[in-house]
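Q: Residue numbers (this note's numbering), protein chains in the order written: chain A, 10 to 377; chain B, -11 to 350.
No lab work stands behind these hints, which were simulated from the structure alone. A hint or two may mislead.
Said to hold, decoys possible - Capping the alpha-carbon separation at 20 Å, the derived lysine to any residue pairs in SDA-like fashion look like this: (1) A:279 to A:259; (2) B:19 to A:215; (3) A:370 to B:334; (4) B:332 to B:349; (5) A:111 to B:252; (6) A:111 to B:332; (7) B:328 to A:377; (8) A:370 to B:332; (9) B:252 to B:201; (10) A:359 to B:134; (11) B:332 to A:374; (12) A:370 to B:319; (13) B:90 to A:78; (14) B:90 to B:73; (15) B:328 to A:257; (16) A:370 to B:224; (17) A:111 to B:57; (18) A:353 to B:319; (19) B:252 to B:233; (20) A:305 to A:351; (21) A:93 to A:257; (22) A:111 to B:49; (23) A:111 to A:257; (24) A:353 to B:349; (25) B:328 to A:374; (26) B:252 to B:294; (27) A:370 to B:316; (28) B:90 to A:324; (29) A:279 to A:233; (30) B:326 to B:316; (31) A:355 to B:345; (32) B:90 to A:69; (33) A:355 to B:349; (34) A:305 to A:320; (35) A:359 to B:345; (36) B:90 to A:70; (37) B:252 to B:224; (38) A:93 to A:233; (39) B:90 to B:177; (40) A:370 to B:346.
Residues per chain are reported as follows:
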Amino acid sequence: MNRVTDQGLWIESDLPLSGTSQWAIPLRLVWAVSEGEAADLGSVSPLLAGNLETIRDIYAAWIDGGHRIPLNYQFTSDFGAPVKGVSVFFSGGVDSFYSLIKHRDEVDNLVLVNGFDVPLADTKTFAQAEVQAREAARIFEKQLIVVRINLRWERPSLPIMTNLRWEWPHVPGGWGMYHGAALAAIAQALAPNHGKVYIASSHSYADLHPHASHPLLDPLWSTEAVQIVHDGGETRMDKLRTVIQYPEALSRLRVCFENLGDYNCGLCEKCVRTMLGLRALGVDRCAAFPDTLTPKLVREQELNSDNVLLWRELLRAGLPPAFHAAVRSTIHTYDADLPLRTGKFKRGVKRWLYAARNAGKALISAAN
Amino acid sequence: MNRVTYQGVWIESDVPLANTLQWSIPLRLVKAVAEGEAANLGSVSPLLASNLETIRDIYAAWIDGGHRIPLNFEKSPNIAVAAGGVSLLFSGGVDSFYSLIKHRDEVENLVLVHGFDIPLADTATFALTEAQAREAARLFGKRLIVVRTNMHWEETASYLEKPRIPCNWGMYHGAALAAVALALAPNQGKIYIASTYSYADLHPWGSHPLLDPLWSTEELHLVHDGGETRMEKLRVLIQHPEALARLRVCWENLGDYNCGLCEKCIRTVLGLRALGVDRCAAFPDTLTPQIVRQQELSHDTVRYWREFLCPSLPPALYAAVRSAIHSYDAGLPPRTGKFKREVKRWLYAARNAGRALMAAYG
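Pulled out of the complex, with its shape left as it was, chain A reads as follows (with noise of 0.2 Å):
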């Protein structure tokens, strides 16, 4: 096992990884907007240092409380010739099993990190995920890296249980800031085995809102040694209608964050808007899925802002009427700003008294 370390931070792999410390870059520098001190960067390859102003201001931006912090660093010619091959971040979710599929002449190997969405300290779901991965790279003829990150799980302390679900520990600007940066570090510190990595896109072009993983940023993170490439601006029925097409890769899908014992819980919004995109698109029944999903499951998903653009794509997709009313009646309830639908008397009222709320606010707003 090799091991790369900054600050407290490491990288681990039984792959080589980089020599130099450039990798911890991404993390130094989102640290540093985040907490509002000057970046200490040391050695920085020409083609990153020319980039670095740009990605600080579009931290700034991003990250509320964000700082144009100053940049401090040294130009090195000692950034080491790219080496062939080609990576794709590999989650075995939908947007990196797209791009697995769209890029499989050129692809020759998949990245799986333990550290990210699942806890260091929860075993059994990662070995369960890197079957699955295993499996799937087997089917696709690709190598599969396992690589190991403390960064989310272990710092500033180590992941409780409560209420049988992980409690997620701060990181600088939230983890939907910090995933991106934390991507390029693992792309950098694989330097040794890879000379351009794709990270597969979690939105489509149509929805650019601030998130750490954007084909605006991850491009800038390239380095002379190792291209980073986002991938798949299409949106999510575009993936889903590809990766049906491939039955060995639809049943090691991998979407559930919630790491609830199963391999997806079926529950979750993320799994219910997946399953429903399946459904919209004839896949009745699909292995990596528990067959929970119904109309009444479908109601009482709660949506934000980042996840309603999605749901708004399945009202086009063309689902069985009760389905395409339920996702119809999840998406007004959250743009009326209500509480879920839950078909219990109680939860009845309570809508009706935030409707009776919101009304008295839009009369009153004229007064103002």
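With chain A's structure known, arrange chain B on it following the hints.
A: Here is chain B on its own, set in the frame of chain A:
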């Protein structure tokens, strides 16, 4: 005068223009995406060719009813060598003055386009704009390149006539800027496009930090510059009074350099006022709380207003800005002080309240 033409669309200028048709690729590509027909792009430089699919996918996602159409092109075997020199597309507004000041040591040419916001037929407004741009170029020791094009407005049409473009100008102008930049390739190896919005605000827009650099070729590097906020930009600008006096932000073309009455004029004067600049020669002295309150904001403009809602504004103006933003947020017609308008406001509020109540049913 040199001119390049492709299917009736032309660009002309006193300076040398490109001798291939590559400049027209942005226009052809966006038109094809908007109309859903295969794009025939002819000969394309390898660098641009490698980005065409990404550009197509972005425009297809951003244009209402856009299509991921097939792209037909050949990779061009001979790549021209980049010319020396750095240019900046220059309208005279806050964004372009800011980028000029930021890169004043590097930039050599300011490119002013007639036929984007100012119709070709409106020669009076353009003459005024050109005189001020020439003055700005002189002050900063730069060369002014004037370009005319019929991309947006037909040459003969009166400027009241609707322009014929494949999608709205907000989406199309990025491709139009890229086309002008590529047509000017013999004059520079790098060209700055001043950003419209900050990095906090990346909604689909024709000139975009994601899109602009993708139009680059081996010959010409396009740089989308300055994701700073409008307030940060104004803060730099007020340190250069010679720039401030020549600001041109108004698109109304009502005869004055800046009308002082439209939303864009009002908002800019508000920003200056928040920074302690009470009087700016470029604007008529029209700012009152009354006129501020009357502004009807949109999804695109309200973000600037939120930025300009500064405690450093005089209290009456601060309250007026807040009222304009509130009217937008609440979906109400803005306050004018007239009785009829007040009644209309209450009717709208009642309708909104009814909708909010009925929402519990849905």
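Q: Against each hint, give a clear statement of whether it holds in the structure.
A: Verification of the supplied hints:
no.	hint	result
1	A:279 to A:259	15 Å, holds
2	B:19 to A:215	18 Å, holds
3	A:370 to B:334	13 Å, holds
4	B:332 to B:349	27 Å, violated
5	A:111 to B:252	45 Å, violated
6	A:111 to B:332	55 Å, violated
7	B:328 to A:377	17 Å, holds
8	A:370 to B:332	17 Å, holds
9	B:252 to B:201	27 Å, violated
10	A:359 to B:134	64 Å, violated
11	B:332 to A:374	13 Å, holds
12	A:370 to B:319	12 Å, holds
13	B:90 to A:78	18 Å, holds
14	B:90 to B:73	16 Å, holds
15	B:328 to A:257	67 Å, violated
16	A:370 to B:224	40 Å, violated
17	A:111 to B:57	18 Å, holds
18	A:353 to B:319	33 Å, violated
19	B:252 to B:233	16 Å, holds
20	A:305 to A:351	7 Å, holds
21	A:93 to A:257	28 Å, violated
22	A:111 to B:49	19 Å, holds
23	A:111 to A:257	15 Å, holds
24	A:353 to B:349	14 Å, holds
25	B:328 to A:374	17 Å, holds
26	B:252 to B:294	14 Å, holds
27	A:370 to B:316	15 Å, holds
28	B:90 to A:324	46 Å, violated
29	A:279 to A:233	37 Å, violated
30	B:326 to B:316	18 Å, holds
31	A:355 to B:345	18 Å, holds
32	B:90 to A:69	19 Å, holds
33	A:355 to B:349	15 Å, holds
34	A:305 to A:320	16 Å, holds
35	A:359 to B:345	12 Å, holds
36	B:90 to A:70	19 Å, holds
37	B:252 to B:224	19 Å, holds
38	A:93 to A:233	13 Å, holds
39	B:90 to B:177	18 Å, holds
40	A:370 to B:346	14 Å, holds
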